[in-house]
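Each chain, written out:
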Amino acid sequence: MRFIFKTRYDQDIDLAGDAGQRFWYSMLGLALILAPWSLPEYWLAQVTFILIYGIVGLGLMLLAGFTGLFSLGHAAFLGVGAYTQTVLAAMGWPFPLSLAVAAGLSAAVGAVVGLPALRVKGIYLGIATLAFGFIVEEVLARWESVTGGNAGKTVPTIDIFGWKADTAVSFYFVCLVCAVLCTIVVLNLLRSPTGRAFVAIRDSEISAQSMGIHLARYKTLSFMISAALAGVGGALYAHQIRFLSPDQFGIVHSIDLLLMVVIGGLGSIHGAFLGAAFLITMPQLIALGKDLLPPAIGQSVGLQSVVYGVVLIAFVLFEPRGLYGRWLKLRTWFQLFPFYRKGLFKRQKTFQKSDRLR
Amino acid sequence: MQVLQVLVSGIAQGCIYGLIALGFVLIYKATETVSFAQGELMMLGAFLGLALMTALGFPFWLSVLSAIAAMGAFGILLERIVIRPILGQPAFSIVMLTIGIGYVARGAITMIPNVGTDTHTLPVPYRNQLLEFGGVVFAIEQLAVIGVTAALCVVLYLMFGYSKLGIAMQAASQNQLAAYYMGIPVKRLNSLVWGMAAAVAAVAGLLLAPITFIHANMGFIGLKAFPAAVVGGFGSLPGAIVGGLIIGVVESMSGFFLPEGFKDVAAYVVVLVMLMIKPNGLFGERLSKKV
Numbered sequence: 258m259r260f261i262f263k264t265r266y267d268q269d270i271d272l273a274g275d276a277g278q279r280f281w282y283s284m285l286g287l288a289l290i291l292a293p294w295s296l297p298e299y300w301l302a303q304v305t306f307i308l309i310y311g312i313v314g315l316g317l318m319l320l321a322g323f324t325g326l327f328s329l330g331h332a333a334f335l336g337v338g339a340y341t342q343t344v345l346a347a348m349g350w351p352f353p354l355s356l357a358v359a360a361g362l363s364a365a366v367g368a369v370v371g372l373p374a375l376r377v378k379g380i381y382l383g384i385a386t387l388a389f390g391f392i393v394e395e396v397l398a399r400w401e402s403v404t405g406g407n408a409g410k411t412v413p414t415i416d417i418f419g420w421k422a423d424t425a426v427s428f429y430f431v432c433l434v435c436a437v438l439c440t441i442v443v444l445n446l447l448r449s450p451t452g453r454a455f456v457a458i459r460d461s462e463i464s465a466q467s468m469g470i471h472l473a474r475y476k477t478l479s480f481m482i483s484a485a486l487a488g489v490g491g492a493l494y495a496h497q498i499r500f501l502s503p504d505q506f507g508i509v510h511s512i513d514l515l516l517m518v519v520i521g522g523l524g525s526i527h528g529a530f531l532g533a534a535f536l537i538t539m540p541q542l543i544a545l546g547k548d549l550l551p552p553a554i555g556q557s558v559g560l561q562s563v564v565y566g567v568v569l570i571a572f573v574l575f576e577p578r579g580l581y582g583r584w585l586k587l588r589t590w591f592q593l594f595p596f597y598r599k600g601l602f603k604r605q606k607t608f609q610k611s612d613r614l615r
Numbered sequence: 050m051q052v053l054q055v056l057v058s059g060i061a062q063g064c065i066y067g068l069i070a071l072g073f074v075l076i077y078k079a080t081e082t083v084s085f086a087q088g089e090l091m092m093l094g095a096f097l098g099l100a101l102m103t104a105l106g107f108p109f110w111l112s113v114l115s116a117i118a119a120m121g122a123f124g125i126l127l128e129r130i131v132i133r134p135i136l137g138q139p140a141f142s143i144v145m146l147t148i149g150i151g152y153v154a155r156g157a158i159t160m161i162p163n164v165g166t167d168t169h170t171l172p173v174p175y176r177n178q179l180l181e182f183g184g185v186v187f188a189i190e191q192l193a194v195i196g197v198t199a200a201l202c203v204v205l206y207l208m209f210g211y212s213k214l215g216i217a218m219q220a221a222s223q224n225q226l227a228a229y230y231m232g233i234p235v236k237r238l239n240s241l242v243w244g245m246a247a248a249v250a251a252v253a254g255l256l257l258a259p260i261t262f263i264h265a266n267m268g269f270i271g272l273k274a275f276p277a278a279v280v281g282g283f284g285s286l287p288g289a290i291v292g293g294l295i296i297g298v299v300e301s302m303s304g305f306f307l308p309e310g311f312k313d314v315a316a317y318v319v320v321l322v323m324l325m326i327k328p329n330g331l332f333g334e335r336l337s338k339k340v
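Protein chains in written order, with the working numbering: chain B, 258 to 615; chain U, 50 to 340.
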């Protein structure tokens with residue numbers, strides 16, 4: 258059993274709560290810095306992917322997990338970021354500048370999508386973002402002079418004012434720096450009044466409004482920040498994948514992103530990265546498990562989507578707080594040992610009342 | 050004349066969208082949640098019909114009826130096993146859950162050896178027959194879609210408006226807890242609604258099968274039925290059909306008049322415009338919550 262004594266008010270809003278957490282986070286940082294020299298190249302690429310998807314996940318987490326608006330077209334923002342980055346990099350812009358423009362353009366697009374969010378909510382918003390995602394995918398496919406259309410487009414290497422990140426290791430560090438910066442930005446945002454306003458909107462729009470929160474402004478802001486993060490992730494994604502085609506940014510990818518934040522754990526920053534790790538390692542695990550299954554099942558194409566679906570259903574049914582929620586329970590069990598009660602994290606049933614009534 | 054031809058095929062396509070949208074609306078009206086698995090249920094219904102007709106050799110009418118009944122039972126079962134445990138949770142959970150169900154259904158069909166990855170045609174007796182009427186040629190397949198959709202819509206509309214069951218469903222949708230206190234078996238109604246939605250999806254699948262083909266990814270057409278449901282107003286049964294018709298006609302017209310590429314996004318442009326100017330759809334009720 259562990260006790261945390263709080264002697265200053267600052268301790269409530271510190272990024273790392275206590276000495277133990279600080280120790281473990283620095284360990285994690287050390288492990289990530291040493292990763293290029295301890296992991297084989299293939300796994301380093303996977304970790305890079307986890308960092309990139311983690312950034313995108315942070316954005317979607319901010320929107321879906323903290324503001325309560327869910328987007329079925331997030332891959333479109335990823336696509337806008339990726340193509341902007343590719344086009345600008347091909348024109349010879351330095352990486353930090355083109356990254357900023359990619360994020361900015363995605364944010365602008367996000368603001369446009371955010372507009373219907375002011376009038377509609379819930380499922381309507383989901384459909385608006387879905388529709389938007391389809392339109393962006395089609396634009397990417399048809400605007401051949403810029404995007405290369407369905408034939409695709411190759412991505413040049415990263416150029417930071419003359420220093421080229423052309424090896425796997427140097428690109429890994431670019432991603433690591435971006436991921437750490439984005440995480441710190443989001444963490445700081447969430448303990449600022451803006452972040453608190455997001456959470457208030459998620460919990461109840463009506464009470465948020467009556468506390469003086471400007472719904473329209475904060476919802477649009479949430480969309481913009483979320484889209485900007487997706488744009489940054491998209492820019493890095495472009496460099497990692499080296500070849501862009503419009504079908505990478507379709508509805509299936511959007512649903513994958515949503516699946517990532519749900520499995521990671523809605524409403525937690527850790528969840529974004531845990532979900533990304535899940536999304537990236539799952540195909541590998543399936544590939545490993547394939548040989549153990551009878552060939553009729555193991556070799557079939559549908560296996561992966563069945564596994565994804567079953568895992569998603571299982572999480573929604575049994576662990577709605579996702580991987581992070583599972584870890585939270587485990588940690589609480591150890592912290593409170595032997596006083597952990599079964600009903601500690603029990604979900605409250607809220608029998609929903611209609612929004613449609615006058 | 051060619052425009053008229055395009056119009057008829059647009060209406061037939063729109064009826065399919067409308068039928069799938071009908072499933073969304075049924076579930077939304079009764080449980081105020083949205084099922085993203087509707088397209089996949091349609092795909093399962095079509096495959097079931099195919100299996101009954103070709104593998105088991107049932108006659109056409111029997112296999113259609115049994116496929117619809119079996120899908121209805123499957124819907125009830127689905128509700129019992131996976132939806133009911135999260136009754137009373139936020140709507141978002143159910144959305145994710147149905148996306149998961151869609152994944153599993155698509156994957157499971159693809160996993161059937163030799164069948165799942167191919168495209169199939171449904172051997173219906175009215176296949177490839179044409180009917181000429183005043184210089185315009187109608188395919189019987191398309192007329193069948195239009196006729197069945199209209200009939201189904203009337204039946205459902207009467208049921209929701211006048212039968213005790215339909216009114217109980219409306220009550221449960223407006224306030225689950227209050228309906229429960231009034232003696233309405235909310236859980237049983239939910240099962241029934243899911244069964245009905247799955248049966249409607251099976252009808253849509255069997256009607257769509259002769260026009261396109263049966264394959265594992267045919268469920269993605271469900272994503273085009275969302276715009277239909279929104280344009281019509283999510284809570285309105287006739288709205289779903291009207292919305293489907295609008296989407297279908299706009300789509301085929303833009304395929305005919307506008308350059309290539311517009312056909313695929315027409316539905317989504319329509320829905321975005323609709324959400325901007327009239328978020329509740331053509332027949333939707335006003336959305337506002339009293340504090």
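One should not assume that every hint holds.
Here are the computed lysine-lysine pairs in the DSBU-like style, where the Cα-Cα straight-line distance is at most 35 angstroms [as the list claims (entries may be wrong)]:
hint, chain 1, residue 1, chain 2, residue 2
1, U, K312, B, K410
2, B, K603, U, K236
3, U, K236, B, K586
4, B, K586, B, K263
5, B, K599, U, K236
Here's a subset of chain U near chain B, in silico, CB distances under 8 angstroms, partners left out [unchecked claim]:
hint, residue
6, I135
7, S142
8, V164
9, L207
10, F283
11, P287
Away from chain B, derived, C-beta distances all over 10 angstroms, residues of chain U [to be verified]:
hint, residue
12, T103
13, T159
14, G215
15, V279
16, Y317
If you're looking for bench data, these hints aren't it; they were derived computationally from the structure.
Ideal Cβ positions, reconstructed from N, Cα and C, are used throughout, including at glycine.
Hint-by-hint comparison with the structure:
Distance restraint check for K312 (chain U) and K410 (chain B): the Cα-Cα separation of roughly 25 angstroms lies within the 35 angstroms cut-off, and the hinted pair is therefore satisfied. Restraint check for K603 (chain B) and K236 (chain U): the C-alpha separation of about 22 angstroms stays at or below 35 angstroms, so the hint holds. Among the hinted pairs, K236 (chain U) with K586 (chain B) is consistent with the structure: their alpha-carbon atoms are about 31 angstroms apart, no more than 35 angstroms. Of the supplied pair hints, the one linking K586 (chain B) and K263 (chain B) holds, its CA atoms being roughly 22 angstroms apart against a limit of 35 angstroms.
For the suggested pair K599 (chain B) and K236 (chain U), the alpha carbons sit about 27 angstroms apart, so the restraint of at most 35 angstroms is met. Annotation: interface hint on I135 (chain U) holds; nearest CB of chain B at approximately 6 angstroms, less than 8 angstroms. Restraint check, S142 (chain U) versus chain B: the minimum CB separation of about 5 angstroms is within 8 angstroms; hint holds. About 11 angstroms separates the beta-carbon of V164 (chain U) from the nearest beta-carbon of chain B, more than 8 angstroms, and the hint is not met.
Contact between L207 (chain U) and chain B, as hinted, is not supported at the beta carbon level, the nearest pair being about 21 angstroms apart and thus beyond 8 angstroms. Because the closest C-beta pair between F283 (chain U) and chain B is about 7 angstroms apart, less than 8 angstroms, the hint holds. For P287 (chain U), the shortest C-beta to C-beta distance to chain B is roughly 17 angstroms, which exceeds 8 angstroms, and the interface hint is violated. Against chain B, the non-interface label of T103 (chain U) holds: every CB pair exceeds 10 angstroms, the least being about 21 angstroms.
T159 (chain U), annotated as away from the interface, has a beta carbon of chain B within 10 angstroms; the closest lies near 3 angstroms. For G215 (chain U), the requirement that its beta carbon stay farther than 10 angstroms from each beta carbon of chain B is met, with the minimum near 16 angstroms. The beta carbon of V279 (chain U) sits about 5 angstroms from the closest Cβ of chain B, which is not more than 10 angstroms, so the claim that it is off the interface is violated. Non-interface call for Y317 (chain U) relative to chain B: violated, since the shortest CB-CB distance, roughly 4 angstroms, does not exceed 10 angstroms.
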